[in-house]
Amino acid sequence: MYYSSFIDTPVLTRLARSIKPLLMVASFISMLSILGGCVSTQDTSPYAFTPSSTPYQDVVNAQESAVEQGKLLLVVLGAQWCHDSTGLADRFSTQEMDLILRAHYETVFVDVGTLEDRRKITKRFGYPIYYATPTVMVVEPSSGALLNRTSMDMWGYADSIPLAEYIAYFSRYPAMTQMQKAPFVNWRATDEEVAYNEEQAARLQHAYDKLGPLLAEDLRGNTPEGLNALWKETKKYRTELQKTLVKRAELTLERKGTDGVNTKPALRHYNPFSWEQN
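Convert by adding 7 to the 1-based position in the sequence shown; the result is the number in my numbering.
Derived from the structure by calculation, the hints contain no laboratory data. Since the model is a prediction, treat every value here as computed from it, not as a measurement.
Below 16 angstroms or equal to it, Euclidean Cα-Cα: the simulated EDC-like pairs (lysine to aspartate or glutamate) are:
hint : residue 1 : residue 2
1    : Lys217    : Glu232
2    : Lys239    : Asp216
3    : Lys130    : Glu200
4    : Lys130    : Glu206
5    : Lys78     : Asp105
6    : Lys127    : Glu205
Please take these sequences and the hints and turn them into a complete structure.
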């Protein structure tokens, strides 16, 4: 403010008059640019979890499109309230990742809402349920084979994964040969695993059904009593389930433990949830 004392008032007035039209034009151009950018982003970016009345059909349509275009299918289940889901969406929106995804994948984002049941989608690709948000499924669309079956658990921490690792990960699958894909295409869960996974997935979805209304209330700004405890209890359960699932698939697909010793994690049974004890 001290500089103003060195300039005559008439000079300031004339300067202001000359600058004002320029500022108005600049503001108008800036506004058009901003609005144009917003429209462009909304029109072209598929990387957001938006509610759909037909989530299963959305995936079916994407799978058919992937087959027609000779691309891989990429199914991502998540939610806008989830930090790791939006972190993944942010990485996907980078120029480097967007180029990879548009060139090699038919990508569909599936909104899980407040932990709604999406088992019909995951089971389509031989996976019992989503154990975390986001859940990332890289699928060979003709067979429905899940190509990243042995690394799916990493994406529960998607926001902590560096961009360079995203680029390496999603560049790997388009480069796979038919021979490299074959073990995943031919992979089948045992009857024991199928029965166990269905039982535990139903139990986990029951927990999600308990959590869902509490989560919705929390998102409205009112954290209900017991939400955090129930969340931690469910997280421990779902995390252990997924680790076991991934490890068993890894040992099968990489042909480890074939020396007569069963090194697969046991299909363990868990204690009742706190609400199941009442």
